[in-house]
Amino acid sequence: MSTYTKKQVSDLVKGDLDWDTLHRMLSMPKDKERYSHYIAVLQEQVSWDDRIILPLGPHLYLAETQADKTLVTKCECGYEYGDYRKNWKLNALIHVRDSEEKMQEVYPKLMAPDTGWQVYREYYCPSCGTMHDVEAPTPWYPVIHDFQPDLKAFFDWLDLPAPVNA
Amino acid sequence: MRTPKYWILDEKTRIAGCHMIRDLVEETVREEGIEAYEKFASEVIEDGRRGLTSRIRAMTIPGKIRTVAFVDVPYSHEDVVVPSPFAKVDTIMHAPCEITVKPDATWRLDFEGCSRWGWHTYNANPVAFTSGIWVMMTQSLVPTERINDGARYATEFRLPKGTWTNPDDRRTAHADAWHFLVSSWSSLWRGISRSYFGRGYLEEVNAGNSNPCNWLQGGGINQEGEIHAVNSFETAACGTGACAVKDGLNHAAAIWNPEGDMGDIEIWELAEPLLYMGRTIKTNTGGYGKYRGGLGFETLRMVWGSADWTMFFMGNGYMNSDWGLMGGYPAATGYRFEAHNTGLLERIRSGQSLPQGKDRDPGEREFEKHLGADARVKRDKQCITTEAIFENGDLYLNYLRGGPGFGDPLDRDPDAIEDDLNQNYLLPEFAEKVYGVVISQNKAGDWSVDRQKTAARRLEVRRERIARGKPTQQWMEDERQKILDKDASVQVQQMFASSFRLSEKFLGEFKAFWDLPAGWELKEEDLGIPMFGAKHHMDLSELPDVHPVIMTEQ
Chain A
1 MSTYTKKQVS DLVKGDLDWD TLHRMLSMPK DKERYSHYIA VLQEQVSWDD RIILPLGPHL
61 YLAETQADKT LVTKCECGYE YGDYRKNWKL NALIHVRDSE EKMQEVYPKL MAPDTGWQVY
121 REYYCPSCGT MHDVEAPTPW YPVIHDFQPD LKAFFDWLDL PAPVNA
Chain B
1 MRTPKYWILD EKTRIAGCHM IRDLVEETVR EEGIEAYEKF ASEVIEDGRR GLTSRIRAMT
61 IPGKIRTVAF VDVPYSHEDV VVPSPFAKVD TIMHAPCEIT VKPDATWRLD FEGCSRWGWH
121 TYNANPVAFT SGIWVMMTQS LVPTERINDG ARYATEFRLP KGTWTNPDDR RTAHADAWHF
181 LVSSWSSLWR GISRSYFGRG YLEEVNAGNS NPCNWLQGGG INQEGEIHAV NSFETAACGT
241 GACAVKDGLN HAAAIWNPEG DMGDIEIWEL AEPLLYMGRT IKTNTGGYGK YRGGLGFETL
301 RMVWGSADWT MFFMGNGYMN SDWGLMGGYP AATGYRFEAH NTGLLERIRS GQSLPQGKDR
361 DPGEREFEKH LGADARVKRD KQCITTEAIF ENGDLYLNYL RGGPGFGDPL DRDPDAIEDD
421 LNQNYLLPEF AEKVYGVVIS QNKAGDWSVD RQKTAARRLE VRRERIARGK PTQQWMEDER
481 QKILDKDASV QVQQMFASSF RLSEKFLGEF KAFWDLPAGW ELKEEDLGIP MFGAKHHMDL
541 SELPDVHPVI MTEQ
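Chains as they are written, first to last, in full-length UniProt numbering: chain A, 1 to 166; chain B, 1 to 554.
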């Protein structure tokens, strides 16, 4: 079992980790303490004090609020999308590329889908404009609820106390 | 059968392999005794089961992950010639998957809601589906473990009967099941990567593979005067999906092949009567993101030295099965380019310019600038075709796809964008529009990114996003109205109708999500297209003496 320092995990998050260590991370059994280092590194990067429970994307977190320990989905900028069990996308902004003209803003002619078959749905943070997700479904497709973690079981696996409202 | 010798070789190899394994088992039983062998077999399978659960516990997060993939089946087009009129319909493969990671570190992969099988060769069956998933998982979740039936004991598969994953009719064709399977698995990589990301195992995150295509296929009489067939394995080197810490690999891999090898031009030219006019990295094919997908490549082939020669295209075009992850964009979709009556042989004789295989922006129609005035060109999204006649001097573009991206493109390092521009990996227009960089080119043609202006421009892009974005729930009201008005293409409606017919659960969730009236329905019968197989079918198990081994929930 390899172990890594918080500095190495910080470099990993930044995309600056040296290849030898990255290769070791890929090829060796996983280090269980990675989660704790990772959360510590990310916690230092955000401007708010709520406790990060689970990163959902480069700028999107499941966090425990300081005020009342509720669990919310939260943007790095501080914008809150509501209860963590709800699909955060329903409280985001959406921009749908559903015409050839809108598709050609992002891909050359012929290199994007035909919008009679498929559209691109971009989800933005209403506060800072970060694009947290791009879906590529057919028209009419329900908004996809990507991930519903079972936090109690997860913290049991980590041998750490679960958030009180998990 | 286009290549009987290879088919026979393949089958003989398979049978020989079974015999070799049987001989080894018999030898072991003779030497060790049947009890010892059975104990060993039981232990090694249990080891495989524990291997999977230990990796699930070490790397993933308990809970539910939902994901979905699609593939276009554009069969109504005139260049798809099939004998059955009822097959001449545009349809969409729908592969939703709910991955449940359980507290005991086993998992369930449920494909409830998949669309019906179709009148094409891309239908799968449960064994192809599950065994292929292990091929994929050995490259992702369990590269360190034994893969045997043990992994299956730790996995619940649900492949609903009647869907393309598990047809209920013995008339179905399955020759190219990979076309659907590879696309449906791409979404699993994306889904499981959410777990890896959440735990901090960023090195394992993969936005998905590219759907490895195009498949250049065809045959006739080759340059040696022999009857010959080709199936280009250049597609074994597509772009890979971006990771959470680095770009995807360019023209490097295919999920179904352990060797990422595009092969040498010189060797392909010996094997195929197709000269290379050029071979180059395919600009703008990697999905955009903080880390971009790996780029594909393109080879422009001129038919030469052949007779009675045909070729066709096989890949995705109208749709894309390879979405980005966490703000990254999907990879570029496919398109088709072929040209006939090109005038190239005359242009070669008279020393005129020739198309050299760099179709960087398909909208610019670069190749056409170097063809004769009477050339017949097909440049469109129709990436599945059947045999077409190609004469010597005709052109065929083999475009091998790129991989999807990871993370918001506005987070991409300007140095990386500069490099992308100077390597022709990215068109300047999309560096500006998608990555929000401010760029300039010097007299030598080198691009550079103005860091200061870019920082300001990226803030503007964020404001533009907020200005054009609609609150999702407000948008849902508009989309709901489109559903009530039945405002969608026939192929989209057919996909939903076939999934609804097979899955009450999927229909119920759809109606609940869109808050549709209790009586709302969508029937294939109302779409005005043939629906052979929708109501009447005869399963393989209904044949005498056929007893399928059922290894998945149906």
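The set of hints was computed from the structure by calculation and includes no laboratory data.
Note that this is a predicted model, so its numbers are computed, not measured.
Be aware that a few hints might be false.
With a Cα cut of at most 20 Å, we get these calculated SDA-like pairs of lysine to any residue [unchecked claim]:
| no. | chain 1 | residue 1 | chain 2 | residue 2 |
| --- | --- | --- | --- | --- |
| 1 | B | K102 | A | A166 |
| 2 | B | K378 | B | E78 |
| 3 | B | K482 | A | G116 |
| 4 | A | K6 | A | M28 |
| 5 | A | K102 | B | A128 |
Results of checking the hints against the structure:
1. Restraint check for K102 of chain B and A166 of chain A: satisfied, since their Cα atoms lie roughly 16 Å apart, inside the 20 Å limit.
2. Between K378 of chain B and E78 of chain B the alpha-carbon distance is near 12 Å, which keeps this suggested pair within the 20 Å criterion.
3. Restraint check for K482 of chain B and G116 of chain A: satisfied, since their Cα atoms lie roughly 13 Å apart, inside the 20 Å limit.
4. Annotation: proposed proximity of K6 of chain A to M28 of chain A holds, straight-line Cα distance about 18 Å (limit 20 Å).
5. Restraint check for K102 of chain A and A128 of chain B: the C-alpha separation of about 38 Å exceeds 20 Å, so the hint is violated.
Hint compliance for this structure: hint 5 is the single one not met.
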